[in-house]
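Peer 1: Residues per chain, in single letters:
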Amino acid sequence: MNNKFIAFTTAAAVGMGAFACAALARDQVKVAGSSTVLPYANIVAEQFGKAFGDLKTPVIESGGSSGGLKQFCAGVGEDKLDIANSSRKIKAGEQEECAKNGVNDIVEVKFGYDGIVFAVDESAGTWKLEPQDLYLALAAEVPKDGALVANPYKTWKEVNASLPDTPIAAFIPGEKHGTREVFEEKILHVGCKASGGDKLQLAKAEGKDDDAKKKAADKACNKVRKDGAAVDIDGDYTETLARIQSNKQGVGVFGLSFYENNKDKLKVATVSGVEPSLETVASGKYPVSRPLFFYVKKAHLGVIPGLKEYVEFFTSDRILSADGPLVEYGLVPLPDAERKEVQELVKSGKTLSTAAK
Amino acid sequence: MAVETAPMTPDSALSASRKNEAIRARIKRRYSAERRFRAYGIAAILFGLAFLVALFSTIFARGYTAFQQSTFTLSVVLDQAAFGSSAPTPSELRMADYTKIANRAIQQALGVDPNNKADARAAADLLSQNADTQIRKIVTADPSLVGQTVKVDVLAHGNVDSLLKGQFDRSVAESRRKLSDKQLGWLDRAIESGILTKKFNTGLFTYGASSKPETAGVGVALVGSLYMMTIVLLVAVPLGVAAAVYLEEFAPKNFITDTIEVNINNLAAVPSIVFGLLGLAIFINFMGIPRSASLVGGLVLALMTLPTIIIATRAAVSAVPPSIREAALGVGASKMQSITHHVLPLAVPGILTGTIIGLAKALGETAPLLMIGMVAFVVEYPSTPMDAATALPVQIYMWATAAERGFVERTAGATLILLAFLVVMNVTAVILRRRYERRW
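Protein chains in written order, with the working numbering: chain U, 1 to 357; chain P, 1 to 440.
Just chain U, with the same shape it has in the complex (with noise of 0.2 Å):
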């Protein structure tokens, strides 16, 4: 037994130790990131393995946009990632941080849109949503005889006289999603604007200048209300279409490629008259929609193999155009020309400038 015992940890402890010393020269890319991008990433990752058989299929990690940029600038060097996915633009916080770790020279690539959609139980009838009427539904303040009031609407109707009269749930992505913020911008700033509660806003704001008053202002129109009829989903579109599911009078925001992957089950909202479509949301009409983009190290592009090769292959019109499977999956193309640009900044390499700050 003895015997044995020793021969067994000493083995135990070599091999460890083999494993530690064996710091190999990393042979496959590594991308982490938005989980937004994710499935697009996915569909060019596997169609890259296909296509380029002596090279390996890239790893891709989910963890969100803040997650996978805080990694990415975390240094150069075979241990740190290729690329993050992000749902939306690299803040200048994290250029400096990047900056910071000798991440200096970053390619953004944007590589299409999402749209974001509000859709309700497909058995609920149809709805048309205004910016304004979802502000007034949802912030945690409103006008009300010009005046601001804790957010007194119980039921849709009694937000707008069209709407059903049902009582406003709503489920919306939490905080730590890049999709709240869409939601906050391009929503509840715009009917918060609309209903003239961005006036009252700043009439209240405290703050030494007008510039900080402003800011005040914005981010107090962005307060959404706590006491249940709005609810921060942290998970997933699986998440709040489950909830959709149990409340069918709910409303949830969702991604336009869930939502077409899921059409027998959720009916969309029209936005101010707009249905979401690849085709509106493509061409601007559909006011609530980001660009996605990815962002390559260049200092590692050349160094790690397939790294040029991933890049040029998912900006390639092949799986880029429209009918490519990316769009299949429901991203929302960019337009020839635009993409025509990004295909021109992939091969020049051209990075973000600090001046983009």
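Treat the hints loosely; a few may be bogus.
Unchecked claim - Derived pair list, reagent style DSSO-like, types lysine-lysine, alpha-carbon separation capped at 30 Å: (1) K165/P <-> K100/P; (2) K263/U <-> K137/P; (3) K50/U <-> K19/P; (4) K117/P <-> K340/U; (5) K308/U <-> K137/P.
What the hints assert, rightly or not - Incomplete in silico selection of chain U near chain P, CB under 8 Å: (6) N42; (7) D236; (8) Y237; (9) N262.
As the list claims (entries may be wrong) - Covered, in the sense of this in silico footprint (three residues per stretch, anywhere, with C-beta under 8 Å from a C-beta of chain P), are these stretches of chain U: (10) 27-40; (11) 55-62; (12) 251-261.
None of these hints come from the bench; they were simulated from the model.
If you're wondering where the values come from, they're calculated on a predicted model, not measured in any experiment.
Glycine included, every Cβ here is placed at the ideal spot set by N, Cα and C.
Given the coordinates of chain U, work out where chain P should sit on it, guided by the hints.
Peer 2: Then chain P, alone, in the frame of chain U:
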């Protein structure tokens, strides 16, 4: 022993019977209180069982369909024209347009005119996008098939599979369905003629991650989990047993060992995500082991399992009666001999049980893996523990967030696979304990 009984006065008889009544009532209350107490216990067990049954039955009801996959059995025409020559070179074999071959086969099987562009497209859409790879594999394995017509099983598209399994409602309007009325008609005919059937889904166990439900499987995750469990065994068991034996048999009782003991117990209760953060800081950032590697995952899980193994081993070692040690020492064995020859072998069942339960816990863990990059889309099998991989629970988590209907059943199906592993491990632990346990 004559006991003089006091004459019963009517007064005292009355008070005695009243007393008796009071006592009887109290006893009755006590009995019924005990009955209630027992009933609460039974109710608690039933409640727990009901939840368990509900959980298992929903997972099973949702997941059992994942073990079958809709498959077209097509006669594929491998004519020479598609390959350029009757004896194609390996590169010609690789580069041939298998998508076209597959599409032609399905159009022929459904009786669709290939010159009608829209219909041809609609028919081709019923096949999995992996159909070309399946045919390529068969032909490259046996090039003599070129020029013949062979029967090949190719996967149907995920939407077709969902339809066959009743996950799509046929009654909703055509525009909101994934499959058109025309495609439904073809599929019905295909089912009738027997070329579209449900077969056992081996792909679920062999494929890696995929964006298409029909070609998504837990293969890579299984290998990743296997690597990690091996590393946990190799690292945590020797370390844990050595630490436990030292603490139990050699260590002096003083402030330092007391502190260590308390901290080991505390470590067992630390949330697993903390171990992930530790792994990120030490194994990836400091030691430079690549992200997403199963080696990192294994080491992190080993750290997490260590306290469980130490606690179980200490309990097993201390349960060996002192008389055994004393007898060994009495016949002249050294302390080490008494431990390695007598104490440890007798403690093995307890150690094994603790280890297996620790492993089972580690097998179901996702939170620490998130931090070290194992929650990832990995298509290729890892050939060594240094390669990127995922784990079973991670695969379940990733599928749970996917939009396609086919992933819903796969999520539940993978959960069933994970549950099966856990049940097997726990049963092994029970059997080992039953078999080798010695009672004193």
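Peer 1: It remains to establish, for every hint, whether it holds in the given structure.
Peer 2: Quick rundown of the hints versus the structure:
no., hint, result
1, K165/P <-> K100/P, "holds, 28 Å"
2, K263/U <-> K137/P, "violated, 35 Å"
3, K50/U <-> K19/P, "violated, 91 Å"
4, K117/P <-> K340/U, "holds, 29 Å"
5, K308/U <-> K137/P, "holds, 29 Å"
6, N42, "holds, 4 Å"
7, D236, "holds, 5 Å"
8, Y237, "holds, 7 Å"
9, N262, "holds, 7 Å"
10, 27-40, "holds (count 6)"
11, 55-62, "holds (count 6)"
12, 251-261, "holds (count 3)"
Hints 2, 3 from the earlier list are contradicted by this structure; the remaining hints agree with it.
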